[in-house]
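> Here's the letter readout for the chains.
Protein chains: 2
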Amino acid sequence: MVEFDTDFPRISDEHLSQFVIDVFTSYGMRQWDAEISAEILVASDLRGIDSHGVPRMAFYVDRLKQGGFNLEAELEVVKESAGAIRFNANNGFGPPMAYKAMERCLEKAREAGVCMASVGHSNHYGIAGYYATMALDHPGMAGISMTNATPLLVPTHGKVALLSTAPIAAAFPAGNEAPFVLDGATTAVAWGKVEIARRNKKAIPAGWAVDEEGLTVTDPFDARALMPLGGERDTSGQKGYGLSLMVEFLCSQLSASLWSRDVTGSRVEEIVPSDTSHAFIAIDISAFRDLDEYAASADELLGSLRATAPVAGQTRVMVPGDPEAEAYADRTERGIPVHPEVVDTLRGIGTEAGVAVPF
Amino acid sequence: MVEFDTDFPRISDEHLSQFVIDVFTSYGMRQWDAEISAEILVASDLRGIDSHGVPRMAFYVDRLKQGGFNLEAELEVVKESAGAIRFNANNGFGPPMAYKAMERCLEKAREAGVCMASVGHSNHYGIAGYYATMALDHPGMAGISMTNATPLLVPTHGKVALLSTAPIAAAFPAGNEAPFVLDGATTAVAWGKVEIARRNKKAIPAGWAVDEEGLTVTDPFDARALMPLGGERDTSGQKGYGLSLMVEFLCSQLSASLWSRDVTGSRVEEIVPSDTSHAFIAIDISAFRDLDEYAASADELLGSLRATAPVAGQTRVMVPGDPEAEAYADRTERGIPVHPEVVDTLRGIGTEAGVAVPF
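Top to bottom, those sequences are chains A and B.
My numbering numbers the first residue of the first sequence as 1 and each following residue consecutively.
My numbering numbers the first residue of the second sequence as 1 and each following residue consecutively.
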């Protein structure tokens, strides 16, 4: 997950954030929307999730230039009850819409104990994990975040991509231990990992991706779509497929949005709303048990996992979220390593947008 | 998943159910508890999930004989808010406790839109999918079910089993199409699949299980613990590990129960409460959108998946839940194929319990 490519030029997160804000506002995005979007994009880079941070700027900018987002959109409440809320993002930019929806979901969970929020007619929201970890800023709250996306997952025994990487992210706090933060696609990998393999000209493991006939490939340039988590049927790929479909139901089917097959990305002739959808769950742990007892218990659980004996050839066992926390510590200190090709792309974006490029 | 072992003797579900009820009541279980437990166990056999049905009778009976369950236990509400409820099962038998908890969770979701139920101090509850599919008996409801269990999952890069198979089950209704029903362990496979391979003396795929050093094995008799869904790290096993840990948090950490490392099964010297815990989510779809529109949309989604072109060598693409529905149709009609060794074990159990063995 974390690739400490120390040979890459490093750019400070402040410089990257300001650049993203400047580019986004130059295309007409509101100031707060641009700020929160920069925060979420650069959080991905800081966490070492190189598939989802500023390397995605070209995608966002393409769509901004084509007028693919409604930059005046307001997040609208369509239906609401004590533990459930459905929003219409009205084709607004994904990150600010998703951020506001999760904020409201967390507020409602304070009242109801648990709240599920469904966000329809939205757009690509960046890393799923960002919204789950928003819960960690609120004492005693846990968060879950899911989204659908453009079709990339081929169902088990199929040959056409119909579902999406449909990530599931979850963040649970602890006491003294670092929190548990899961953030993973229900495909074997995110498409960005194939792109990284292409940039680095490295083969990919069998079980990641398939060609246009639906057959497993190891050359990333032959990859056309992704296999579900678990890979082939005999290693239980049908479970990854099932998890992706569960996310699909929670996102598009609750929010009355298009399902992944029909969600459009940047590779289309005519720009139509992508109709991406998200689902969030916020949990007030104190609705279930005493928070101090919870913190002690979570510490014992996470500490035990971190202290368990490693298999031969490995030095330690990590908890999901640990690699990202280590990348964060490194990158806030030393800057974010950005692939030279990405730096070139960003400079081109900055020049075209007429904004300062501080790297 | 489905193994149509037509060579095996077939036993009708009525005969199996009555047998289970008779055995359970002979050990002092209340009549309704025994009936709902038989319903849930035999549902597993009917759905073709041979790892979880009557082959588990020996496990339950061992524990019953040792007084491992509190057969007088009542399901107790510990904490309750609009969208959240925590139960204490007081070491009662798992299936009836879990059934009652999910029933109450569904009722509360009718009011709040969504409800999450946490059940602590329980016992092995059978197939996770049963409780998710309870939602399908209530128009417009969807259900999610999770449980922890005895330690069987080795964390990525670890060598000791600390977490459990921690299944995630989800059931979403449709209109005319058969529903979507996911029911899968977050390990590569359930331990029962290793047991089936042992019974059939067949090798298991790499990526399923590890030996006592934490190294991958293909001989099922060398298997000591399970790998997470995704297998090794390079095929994203850390995601299956993360999903198992998410289930662990939702089960044991919300319900103030033991985590999987400390959950005890039948292989212990001294019987103590297993302290298994479960989590349920019930969703009233009408809290999000119109039910007729939902049904049409879910039909289009599920119908499209079922109609998509298969990869070379396969005849069709299924939706999770389809293999189980086909097994159910076959087995309610023709009886449940039971491995001869299991039949022998069941006969022994019946004789010892002094009940009629109608097969």
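Be a bit skeptical, because a hint or two may be false.
Since the list can't tell identical chains apart, any single copy or any two copies may satisfy a pair.
In the DMTMM-like style, the derived pairs of lysine to aspartate or glutamate whose C-alpha atoms are separated by at most 20 Å in a straight line are [said to hold, decoys possible]:
| # | residue 1 | residue 2 |
| --- | --- | --- |
| 1 | K100 | E177 |
| 2 | K79 | D292 |
| 3 | K65 | D234 |
| 4 | K79 | E111 |
| 5 | K100 | D137 |
| 6 | K65 | E270 |
| 7 | K201 | D211 |
| 8 | K202 | D234 |
Keep in mind that the hints were calculated from the coordinates and are not lab data.
> Confirm or reject each hint.
A quick look at each hint next to the structure:
1. K100 with E177: So K100 and E177 fail the 20 Å test inside a copy (28 Å) and across (35 Å) alike.
2. K79 with D292: between (35 Å within a copy, 16 Å between copies)
3. K65 with D234: neither (45 Å within a copy, 37 Å between copies)
4. K79 with E111: both (17 Å within a copy, 14 Å between copies)
5. K100 with D137: Within one copy, since 14 Å is at most 20 Å while 35 Å is not.
6. K65 with E270: Within. Shortest intra-copy distance 13 Å satisfies the 20 Å Cα cut-off; inter-copy 69 Å does not.
7. K201 with D211: within (17 Å within a copy, 35 Å between copies)
8. K202 with D234: between (26 Å within a copy, 13 Å between copies)
Of the numbered hints given earlier, the model fails hints 1 and 3; all others are met.
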